[in-house]
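Visitor: Below, each chain spelled out in residue letters.
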Amino acid sequence: MFTELSDTNFAETISTIETGIVICFKKLCPHCKNMEKVLEKFAKKNAGVPLFNLDSEENPKTMEGLKTDRIPTILVIKNGTVAAQKSGLMNPKEMIAFYEGV
Amino acid sequence: MTDQYKYELVIIGGGPAGMTAAIYAAQAGIKTVILEKSVTGGLVNSTHTVSNFPSFPSIHGMHLMEKMREHVDGLNVPVEEVCELEKLELTSEMKTIETDEAVYETDAVILATGRKPIPLDIPVECEQVHYCAICDGPPYKNKKILVVGGGNSAFDESRYLLGIGIKHIHLVEMMDRFAAAQSTREELFSSGCVTAQLSARVTDLVLEDSNLVGAEVEDMKTGKKEMIEVDGVFVFIGQHPNNELFRSQVNLNQQGYILANTDMSTNIPGVFGAGDINEKVYRQITTAMNDGTIAALAAERFLRNR
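Read top to bottom, the protein sequences are chains Z and E. Using the numbering used here, you'd call the opening residue of the first sequence number 16 and step up by one each time. Using the numbering used here, you'd call the opening residue of the second sequence number 81 and step up by one each time.
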């Protein structure tokens, strides 16, 4: 369900996406695991919105560019750019509101 | 249109108690589903090292819960995660559970809803107050933090935080002794990077430009207050029972825990309690699994004798 991103392909991939969601996560992070399930639920209702993930520990350059080291951090991609980002846990309703508010 | 489902047994909560109950129920041939508000594993997911689970001398909590989940999945028990429970009607013979997406009808229910962390009781909005070391610890590498709490969680999380490079921990506990296991205490204090303060409580947070610069800590014996310079606060001061959805129906003790019988039955026929949500002295993974086992076996007997 998630396409993996890295420091190598983050910028190039993002620039080609019309609309999408990225989760910056860390292994063994319970809130990240929770947020991934929220996004999977989100994707079932928004089939045209692709999901991506980025391991924050393995990709420090991208995290530095995003000016955050908190996880999980959700990025909303619109027209090839990071249109909004938010750190912390959201429930499904909050996630939909965050996405639709961009 | 809302989906409708019918099960013999609905387990609410996918921690060790709920998953153990699901394994026993599935093996008894009971049509069962787990409804979980978050993700399976419960609070164990946040435990850095589990060292008292028989057969695993040392294992990360999330890894242990993944193994338990694989067992549940192997028995084809459906699990609905990130499931927003909205209403429970438990007193009728046919019980109904409404979620944000579906309505479940069931003959029996096991309540294994567990507990949630108690928030720091300070009326200050501060982004540098945290409840998960793994999630929020990394930004504090080479910085000073305050840890509130003196139980196993506080010490276990503190060990993890030191491991990722926290410069110094000021540990504050309201009681006059630490409840954490002696070996855990000794390991943390041997680091030389921890200042411990008993009979003390956080009374205020000091912010500059919305960023935390310190915490006011009161010595509860003398009343003297001191400002401790810290960059972040991590809170591990225990948990509250997750009983909001059924506290008007199920008999609870004064603290809000289910008053379950020895077979985990409650005051309502067909409704069972299991795990940390039950009134008990010790709350461990193994005791939760004990409750889950008994609750499933009792539910099976209840369903068979209807």
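If you're looking for bench data, these hints aren't it; they were derived computationally from the structure. Possibly wrong hints are sitting among the right ones.
[Unchecked claim] Rough simulated footprint, nothing fancy, chain E against chain Z, three-plus residues with beta-carbon under 8 Å: (1) 41-47; (2) 79-93.
[To be verified] No more than 20 Å apart at the CA atoms, straight line, and that leaves these computed lysine to any residue pairs for SDA-like: (3) Z:Lys60 x E:Cys206; (4) Z:Lys42 x E:Lys221; (5) Z:Lys108 x Z:Gly63; (6) Z:Lys52 x Z:Asn94; (7) Z:Lys101 x E:Cys206; (8) Z:Lys42 x Z:Leu104; (9) E:Lys196 x E:Lys247; (10) E:Lys223 x E:Glu207; (11) Z:Lys42 x E:Thr179; (12) E:Lys111 x E:Pro218; (13) Z:Lys82 x E:Ala182; (14) Z:Lys42 x E:Ala182; (15) E:Lys247 x Z:Met105; (16) E:Lys196 x Z:Lys101.
Note that CB positions come from ideal geometry on N, CA and C, so glycine has one too.
Visitor: Sort out whether Lys221 of chain E lies within 20 Å of Lys42 of chain Z, counting only the CA atoms.
Guide: Within the cut-off at roughly 18 Å; holds.
Visitor: If you draw a straight line from the CA of Lys196 of chain E to the CA of Lys101 of chain Z, is it 20 Å or shorter?
Guide: violated (23 Å)
Visitor: For a C-alpha distance cap of 20 Å, please report whether Lys196 of chain E and Lys247 of chain E respect it.
Guide: With Cα atoms ~29 Å apart, Lys196 of chain E and Lys247 of chain E exceed 20 Å; violated.
Visitor: Taken at face value, is the distance from the CA of Met105 of chain Z to the CA of Lys247 of chain E at most 20 Å?
Guide: With a Cα-Cα distance of about 30 Å, the restraint between Lys247 of chain E and Met105 of chain Z is violated, given a limit of 20 Å.
Visitor: Holds or violated: Lys42 of chain Z and Leu104 of chain Z, Cα atoms, limit 20 Å.
Guide: holds (16 Å)
Visitor: Decide if the proposed pair is consistent with the structure: Lys101 of chain Z and Cys206 of chain E, CA atoms, cutoff 20 Å inclusive.
Guide: holds (16 Å)
Visitor: Starting from Lys60 of chain Z, check that the Cα of Cys206 of chain E is at most 20 Å away, please.
Guide: violated (34 Å)
Visitor: Going straight from one Cα to the other, do Lys223 of chain E and Glu207 of chain E come out at no more than 20 Å?
Guide: Holds, at about 16 Å.
Visitor: Within the stretch 41-47 of chain Z, is the number of residues with a Cβ closer than 8 Å to a Cβ of chain E three or more?
Guide: holds (count 6)
Visitor: Holds or violated: Lys52 of chain Z and Asn94 of chain Z, Cα atoms, limit 20 Å.
Guide: Given that 20 Å is the threshold and the Cα spacing comes to 25 Å, the pair is violated.
Visitor: Are there at least three residues in the stretch 79-93 of chain Z whose beta carbon sits under 8 Å from a beta carbon of chain E?
Guide: holds (count 4)
Visitor: Would the pair Lys111 of chain E and Pro218 of chain E pass a check requiring their Cα atoms to be no farther apart than 20 Å?
Guide: violated (43 Å)
Taken one by one, the earlier hints fail for this structure at numbers 3, 6, 9, 11, 12, 13, 14, 15 and 16, listed in ascending order.
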